[in-house]
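K.L.:
As a plain string of letters, each chain reads:
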Amino acid sequence: MEFALSEDQRMLQDSLKGVLSEAAHLDRIRKIAAGETGEGAALDAALSEFGLSALMVPEAAGGLGLGALDACLVQEALGYDVAPSRFLATAVAAKLLGGKVDILGNIAGGEAKFALALTELFSRRDGAGVELKGGKLTGKSLLAQSVDGATHILVADTAGAVHSVEAAKASVTVMQTIDRTRTFHEVSLDGVAPLVSVTPDAGAIAFARLLVAADTLGAGQAMIDKAVAYAKERQQFGRVIGSFQAVKHMCAEMAAKLEPARALIWHAAHALDIGDAEGPMMASLAKAHLAEVGTFVARTATEVHGGMGFTDLVGLHYWYKRIGVNRQLLGSPEQAREAAAQLQGLVV
Amino acid sequence: MKLTLDPQYEAFRAEVSETLAKNAHLAPTSEDKGYKNAKRIAWQKLLIGSGLAARTIPKEYGGYGAEPDILKSRIIAEEFARTRIPGPMAGQGISMFVPTLLELGTEAQKQAYIRPTIEGEMIWCQGYSEPGAGSDLAAVRTSAVEDGDHYVINGSKIWTSTAKQADMMFCLVRTDPNAKKHEGITYITFPMSTPGIEVRPLVDMTGSANFNEVFFTDVRVPKSGVIFAPNKGWQVANATLTHERGMLGDPNATKARLLELIALMKTETVNGQRLIDNPVLRDRLMKLQAEVYAMQANGLRITTSRLQGQPAGLAGLVVKLQGCDLNHEIARLAIDALGELGILYEEGEHLRSDGAWQWRYMYDLGLIIGGGTAQIQKNIIAERGLDMPREPKLAKA
Chain A
1 MEFALSEDQR MLQDSLKGVL SEAAHLDRIR KIAAGETGEG AALDAALSEF
51 GLSALMVPEA AGGLGLGALD ACLVQEALGY DVAPSRFLAT AVAAKLLGGK
101 VDILGNIAGG EAKFALALTE LFSRRDGAGV ELKGGKLTGK SLLAQSVDGA
151 THILVADTAG AVHSVEAAKA SVTVMQTIDR TRTFHEVSLD GVAPLVSVTP
201 DAGAIAFARL LVAADTLGAG QAMIDKAVAY AKERQQFGRV IGSFQAVKHM
251 CAEMAAKLEP ARALIWHAAH ALDIGDAEGP MMASLAKAHL AEVGTFVART
301 ATEVHGGMGF TDLVGLHYWY KRIGVNRQLL GSPEQAREAA AQLQGLVV
Chain B
1001 MKLTLDPQYE AFRAEVSETL AKNAHLAPTS EDKGYKNAKR IAWQKLLIGS
1051 GLAARTIPKE YGGYGAEPDI LKSRIIAEEF ARTRIPGPMA GQGISMFVPT
1101 LLELGTEAQK QAYIRPTIEG EMIWCQGYSE PGAGSDLAAV RTSAVEDGDH
1151 YVINGSKIWT STAKQADMMF CLVRTDPNAK KHEGITYITF PMSTPGIEVR
1201 PLVDMTGSAN FNEVFFTDVR VPKSGVIFAP NKGWQVANAT LTHERGMLGD
1251 PNATKARLLE LIALMKTETV NGQRLIDNPV LRDRLMKLQA EVYAMQANGL
1301 RITTSRLQGQ PAGLAGLVVK LQGCDLNHEI ARLAIDALGE LGILYEEGEH
1351 LRSDGAWQWR YMYDLGLIIG GGTAQIQKNI IAERGLDMPR EPKLAKA
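Sequence lines, in order, name chains A and B.
Note that this note's numbering gives residue 249 to position 249 of the first sequence, counting from 1, and the numbers run on in steps of one.
Note that this note's numbering gives residue 1004 to position 4 of the second sequence, counting from 1, and the numbers run on in steps of one.
In isolation and in its complexed conformation, chain A is listed as follows:
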């Protein structure tokens, strides 16, 4: 028995963190948030060079064939530096389109870039929802991810199937969220024929949710690290504030909640990798749990920073907003918990 990361997994995460510390430094994140597209392109280039697009594509299709746990480690590193990336969309596309070797080859090579328009699998609001009629897709999807620069969009229809469409055939408009580092779009289709259609299994949906949880894990860990560092430096009443129990206990509470959450993500990812029947259920629980723990950490770490945490000067708000968006993305914590209850037969 060994419940730990392998040497390869640690190396994968460490080397990506190394790349990100240069390519996703806070100055660049600020510029990306301000809409400087050149900066976003520079980050994309660095991540492409690292080879993110091929990681999750099976070896038979020219990829590295890594698993859910590896993907979580990558996403955690991206979350740690609040780096916008299309990795999540790419990984989920590779999972959903497993078996379509030609498409997967294009994903690995970077020729095909997928966006995700899956929100309506969980929630349909404001008349959203895409219908398949006579082999054509019509309707709209809200809060689609990674639409900028995409060649294809994976769209969920109202019956729960997922279709790949050419991005050029969709009309898209930006939806402004609290998180300016990542873009979200409303996608409209008017009689577009799908290129490929698949029916996602519970594992694929749970995998997408688990990646969102891993992103929050990384962002939450960064906030704890920043809060602890600040508390050891900032002085008031003639001593560093980290020596006050009130502040120490806030930091301890954050760590006490986040550290077991890390193990939950590892366990859920491993369960998905080995095809354990509990895998999708655990991944849904992890999505909900990281939403709760992340929200607690985001708030508490900001408070440890005092007034500075509230300002734009230290930039802590990028992590706060990243966690805030992740909480709602691909289903609220309540929806993820209900999915977990359904997956274990507790809902009649």
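Treat the hints as calculated values from the structure; they're not laboratory data.
Be careful, since some hints might not be right.
Unchecked claim - Ranges between beta-carbon positions, derived for each pair:
(1) Arg1082(B) / Lys136(A): 53 to 63 Å
(2) Glu59(A) / Glu1010(B): 26 to 36 Å
(3) Tyr1009(B) / Ala202(A): 26 to 36 Å
(4) Gly306(A) / Ala1014(B): 58 to 68 Å
(5) Gly1065(B) / Phe237(A): 49 to 59 Å
Unchecked claim - Which bits of chain B does chain A cover? Going by a derived footprint, with three or more residues having C-beta under 8 Å, they are:
(6) 1001-1007
(7) 1282-1293
(8) 1297-1308
(9) 1371-1379
(10) 1385-1394
Unchecked claim - Mimicking BS3-like on lysine-lysine, the simulated pairs with C-alpha atoms at most 30 Å apart in a straight line are:
(11) Lys1181(B) / Lys232(A)
(12) Lys226(A) / Lys1181(B)
(13) Lys1393(B) / Lys232(A)
(14) Lys1287(B) / Lys321(A)
Glycine is no exception: its CB is placed at the ideal position from the N, C-alpha and C atoms.
Assemble the complex: chain A is given as a structure, and chain B must be docked to it using the hints.
P.N.:
Relative to the frame of chain A, chain B by itself:
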């Protein structure tokens, strides 16, 4: 990442399971009450002889004498949990005093105490906390003054569980009032029958006396009862406390509680609806289930660290705080799910689960406070896990 066991361990599991099945009819039942019940002692001896209790304690002291193997210990615990067959005896003597003695005791002390303790013939209680020494344990004031081959003890202890039943006490006393706080303490053992010891039950919020107060008036105890060395008691106590913290917050016990709660919510109904069919209650259940899975996975991580001889770091430091709190929250939800009937206690026609949930909701709060309060745990996490500074010491007036 590999959660399956090697074939040798699966074979070991099969062996354990077979031994338990073969002997299950000899296990004590709820009828066999009391600390020195003959059936319980016979069962304990059978478990030791089969390598299912006192497994790593050397044969010469009455144990089974196996090499330590974390996975085998884990398999044994899992098999007892799975089969619900009563497991080995626990208690402060077996769980805390024996490991301490093995580490720091003399050969004569090991020969005298280990066998009867692990066989359940000798019951121990722990004399640590005092009215003025709780979280600040090193502030103990109970004094022990030398008088020839003896010490004469005066003072009092509190939170002493099993003091009424105990044959012996292991106790922290102040032997050098002039030394620095941590350097004048001695760890000493003596019979509870020694003249001058008075035990008063301390009734707690559960309605029963799970703890006691113990008063010492000129209690003469032989110096041969000292463990390790005079004035080195703080080191000895720390060895023991390490063993105690390991006992609190076990995720497998928490998982069992959660399964009990799920079973309750599937069978209980209100207004004709099963509790599990109430979406609000179900959501709360799923919240707790996520935490239970997290603590279980965290436990797997700690086990792996121990197998690799590595420190468990933050994963280890958070167990007592998170585990005890989670147990309390599980009891809270069970009470809420039972609604008005959740307030019933001890006996009566409408009582559910023998009143266990209310009892746990009270007793588990005791565990959040005992064995190092939640606040002390947070200090430990911050100082040892996050490398944050200690509270500055107050200047002496």
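K.L.:
Against which earlier hints does the structure fall short, listed by number upward?
P.N.:
Hint 12 is the one this structure does not satisfy, whereas the remaining hints hold.
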